[in-house]
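**Q** Given next are the chains, with one letter for each unit.
2 protein chains.
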Amino acid sequence: MVNTLLLPELREMLADDNQAELVEFCNALNPGRTAEFMEGLKDREIWRVLQFAEPDRRAEIFGYLDEERQVAMLDQNDPAEVAQLLEEIADDDRVDLLQDLESPRVDAILPLLPVDVRRNIQRLRSYAEETAGGLMTTQVAMLAERLTVREALDELSRQSDELETIYYLYVVDDDNLLRGIVSTRQLVSSLRTPDLTLGDMMETDVVVALVSEDQETVAEKVERFNLLAIPVVDSGRQMLGIITHDDVIDVVRDELTEDAQRIAAVEPLDDGYLRIALITLSWKRGLWLTILFIAALLTAFALLHYHDVLEQEKYRWLVWFIPLIISAGGNSGSQSATLVITAMTGGEVHYSDYPTVIRREAVVSLMLGVFLSLIGFVVAAFIAPSVQAATVIPLTLLSVIVAGCFFGASLPLLFKRIGLDPAMMSNPFVAGLVDILGIVIYVNIAKVVLG
Amino acid sequence: MVNTLLLPELREMLADDNQAELVEFCNALNPGRTAEFMEGLKDREIWRVLQFAEPDRRAEIFGYLDEERQVAMLDQNDPAEVAQLLEEIADDDRVDLLQDLESPRVDAILPLLPVDVRRNIQRLRSYAEETAGGLMTTQVAMLAERLTVREALDELSRQSDELETIYYLYVVDDDNLLRGIVSTRQLVSSLRTPDLTLGDMMETDVVVALVSEDQETVAEKVERFNLLAIPVVDSGRQMLGIITHDDVIDVVRDELTEDAQRIAAVEPLDDGYLRIALITLSWKRGLWLTILFIAALLTAFALLHYHDVLEQEKYRWLVWFIPLIISAGGNSGSQSATLVITAMTGGEVHYSDYPTVIRREAVVSLMLGVFLSLIGFVVAAFIAPSVQAATVIPLTLLSVIVAGCFFGASLPLLFKRIGLDPAMMSNPFVAGLVDILGIVIYVNIAKVVLG
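Chains as they are written, first to last, in UniProt numbering: chain Z, 1 to 451; chain F, 1 to 451.
Bound conformation, chain Z alone (with noise of 0.2 Å):
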């Protein structure tokens, strides 16, 4: 029946109030797919089909639909049907969808929550967001050192639906201090030696967050050892809870966002870019168009002050290629910061490399100079009163290119190593400085060549 299930049917079939049928629908496919499938249907449609599921399925169903349905079901339901639906979730997800709920419909959904459960609630968000608590699940499975390898399975199976991941289990001691781990494929390789205890087979050595530590130094220790949770804990030591593969995913994904936003000056969105109130983007990004407004209202003082050279009927010419200098030096420039930012933010490039960055930039921007003075050269001997007079166009244009370069590659580890983001600071000021340089250059050049 379900691979060829359409829409109008599941409409029919929730017309009819099919029961069997809708159950089945719940049912039969991955959660995901199910999910999926419900996507042209309105919220209030798929609030009633998840209905048909059971607790824990129908808050996997939930699970994959967009996040801004998730909160406008949540918003627009009954409260009672809310709270039981918000028990089966995640308890790191629960936390972030009630983040996005109205402080009155909290509190509405609140007291029909289980005690254990909101104080789960209340402890979570205590964590701030972006730091490894306000991302980690405390459903994991801890279990005491003296346990044997089939004690230990029969615990995981007992506990398994409560679990975010059964793939690490974390030992402790009474106080719940972190002394090791074990994972499931140890556990199951050793299923032929089953009084073999967690202490005899943990690793001790193990990876762990600390609780108030930055999202993006989390994520980058679980590519870094291939893990597919890291433990959580306090500065005692104290296991709090995991953070999983996947929200590690979405961090990667977030902060590789916001660099790519940071480096067309934008300040990164909180939100999706269809959902974010208008007002609040006309403000993240008139903040940089503005500053970048400001550097660039510098070029027409420049211009201004030599006004007196520009006006002489020898140097007018010049004025037809200003936008071109320009534009050469900004965008070699936006290059070279680009490159710097995202092999920084890969880890690839640290302050340090610094003299090979520039070294290397050297002879990319001489190369890309000298071929681009070429072009510009050809162009200039038509248009310029003579050929010599031309001149000045193919040496502004190298001056400009190795000066973007330089500065480029050069700002974002600056930045950097003062302690800034990188990425935010660096292209509105490459641009800036590179606009106000070019005008400077060319117009000494100029002098220089046309006396």
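Don't take every hint at face value.
The list makes no distinction among identical chains, and a pair is therefore deemed to hold if it is satisfied within one copy or across any two copies.
What the hints assert, rightly or not - DMTMM-like, lysine to aspartate or glutamate: derived pairs with alpha carbons at most 25 Å apart: (1) K416 <-> D66; (2) K416 <-> E255; (3) K42 <-> E68; (4) K42 <-> D353; (5) K221 <-> E36; (6) K284 <-> E348; (7) K42 <-> E87.
Calculated from the structure, these hints are not laboratory results.
Because the structure is a prediction, the values reported are computed rather than measured.
Starting from the structure of chain Z, add chain F where the hints point.
**A** Just chain F now, with coordinates in the frame of chain Z:
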């Protein structure tokens, strides 16, 4: 001992050939951490330390070293030792490493490997890079559906050293066709019903990757369905291997880094920024820089075209604002393009959202345009011959900013629509278009206002 271990001590152990301590160093720590501790050693010192580890441990530690060092070590050491190491490395990583070695070196190593390993290498090499086949490992548990929970666990336990991941079991028939999937979590929760068969418990609606599928599509599926691994099948649904979550993080990182580079008009680098040959780097940058340069040359012709107008006394001051106007249009356009491109990569914006995007950009660009125009007007009022004349500047800025946002938001969607990579084509196009357009708009508004 280990936490206080410093490089000099490690070097001393090597000098003394202190076997006991070196063996302990290789085994006491998490293998990732062992690799980290050795970062300061020379390649040949690391290789010597590695010889003190058991073969499988050695391969694990080796896997955490920088890729560049891995390749260098495989290149320089005794082929027999290299072959012994390669045998223990996961098959997908092994093929990637061999691809980085020169072919005489590969020819020296291959004959030293067991025949089944050699065959495996040949098979994996036959799949294109950047496809599912190019990422997958074949070291996966494929089991028959008649196996019971107990038998399956025994089988897993027997195979577990060989497998890349044991967190899903893939159920196949006698022809290796994929029938379903059982997670180790299900297996563990079914420990109390040990006679259940895999066929009874398997999930038959499995999310799969086709062997020829693009790696970005595969990564999207893994993210969307929160998988630890995805099975790779051929067109007849024969099971070939799996792709694990750590390879997916790498794909996501590469994809987004490429996006950021394309947005800044650099052809994505195939290699690290510090490692890539300078001539290749110049080519990858020069290609787009030249296209941008030629677009910018058109501005010179546009200005030349208007030179009769611009050289008149009452128009002459307009020249000072040319860089400002061009950069305002270009910057707002590149903001819009970057936001739309990142939202498309994140799966948020599709072509069907075009009307929404344009409506939103219209509002935002008007707000930004009005604000920046006001600043521009104030400055122009001081510089222009009269306040009335100064109105040319805000009118032009507003038009150029609105045009920049319109083209910036439209082109990526349009490019995607006609099958081009939106990130690759849009920023250069936006910049080029807006530069020329800016000059045309500027001169024409000036003609109307100044008469």
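**Q** What label fits K416 with E255 when the C-alpha limit is 25 Å: within, between, both, or neither?
**A** both (16 Å within a copy, 24 Å between copies)
**Q** When no copy is specified for K42 and E87, does a C-alpha distance of 25 Å or less occur within a copy, between copies, both, or neither?
**A** within (24 Å within a copy, 54 Å between copies)
**Q** Check K42 against E68 for me: Cα-Cα at most 25 Å, and say if that holds within a copy, between copies, both or neither.
**A** within (13 Å within a copy, 52 Å between copies)
**Q** Pop the pair K416 and D66 into one bin, within, between, both or neither, using alpha-carbon distances up to 25 Å.
**A** Answer is between; shortest inter-copy Cα gap is 23 Å, intra-copy 36 Å.
**Q** I want to check one pair: K284 and E348. Are their C-alpha atoms no more than 25 Å apart within a copy, between two copies, both, or neither?
**A** For K284 and E348, only the inter-copy Cα distance (19 Å) is at most 25 Å; the intra-copy one is 29 Å.
**Q** As a check of your reading, is K221 near E36 (CA-CA no more than 25 Å) within one copy, between copies, both or neither?
**A** Between. Shortest inter-copy distance 12 Å satisfies the 25 Å Cα cut-off; intra-copy 32 Å does not.
**Q** Can you give me the call for K42 and D353, within, between, both or neither, at a CA distance of at most 25 Å?
**A** Classified as between: cross-chain Cα gap 18 Å, same-chain 54 Å, threshold 25 Å.
The structure agrees with every numbered hint stated previously.
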